[in-house]
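Engineer: Sequence:
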Amino acid sequence: MCREIRRHLKRRGWALWELDDAAGWNDGYAGKALNPATPSGRMAGYDMLDLAFTALAGRGYRVLVIPDDFDITDPAAVQALLEEQDNAEAERIARLIDEAAYTKRIPKIAQI
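According to our numbering, the sequence shown is numbered sequentially starting from 32.
Just so you know, these hints were derived from the structure itself, not from any lab.
Keep in mind that the hints are not guaranteed to be accurate.
[Said to hold, decoys possible] Pair ranges (Cβ atoms, derived):
1) Arg37 <-> Arg93: 14 to 20 Å
2) Ala108 <-> Gly59: 24 to 30 Å
3) Gly89 <-> Gly59: 21 to 27 Å
4) Gly44 <-> Arg93: 20 to 26 Å
5) Arg43 <-> Tyr133: 40 to 46 Å
6) Phe101 <-> Pro70: 20 to 26 Å
7) Arg73 <-> Ala46: 17 to 23 Å
8) Gly44 <-> Asn118: 20 to 26 Å
A virtual CB, placed ideally from N, CA and C, is assigned to each residue, including glycine.
Model the full assembly from the supplied sequences, consistent with the hints where possible.
Structural biologist: Here it is, written out as structure tokens:
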């Protein structure tokens with residue numbers, strides 16, 4: 032995920048401080064989060080990664096986990112993977128709605 036964030040930064044021509052500002056992070060956090068193996072590095076949690084992707088991609092983004100042997104050049108396979116993810120997400124949201132109806136609590140749909 033860090034590699035993908037760096038790729039987006041490079042494509043936009045952003046410095047790390049610009050990601051800090053756009054994501055609402057403390058000054059210098061992008062450098063620490065994107066380099067966790069360094070002495071001053073930090074591990075970024077899902078919430079921090081969400082802020083980074085939202086800052087870089089705007090509203091709505093999709094993170095796919097693609098197996099090593101997956102053929103990304105096959106449009107039908109890519110479409111099937113996207114549909115599979117959409118179906119899984121729809122099922123997850125339906126479960127949250129059912130849970131909300133049963134418990135009378137509003138679900139946090141944005142949570143990973």
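Engineer: Evaluate each hint against the coordinates.
Structural biologist: Here is what the structure says about each hint:
no. : hint                         : result
1   : Arg37 <-> Arg93: 14 to 20 Å  : 18 Å, holds
2   : Ala108 <-> Gly59: 24 to 30 Å : 41 Å, violated
3   : Gly89 <-> Gly59: 21 to 27 Å  : 24 Å, holds
4   : Gly44 <-> Arg93: 20 to 26 Å  : 23 Å, holds
5   : Arg43 <-> Tyr133: 40 to 46 Å : 44 Å, holds
6   : Phe101 <-> Pro70: 20 to 26 Å : 36 Å, violated
7   : Arg73 <-> Ala46: 17 to 23 Å  : 18 Å, holds
8   : Gly44 <-> Asn118: 20 to 26 Å : 37 Å, violated
Taken one by one, the earlier hints fail for this structure at numbers 2, 6, 8, listed in ascending order.
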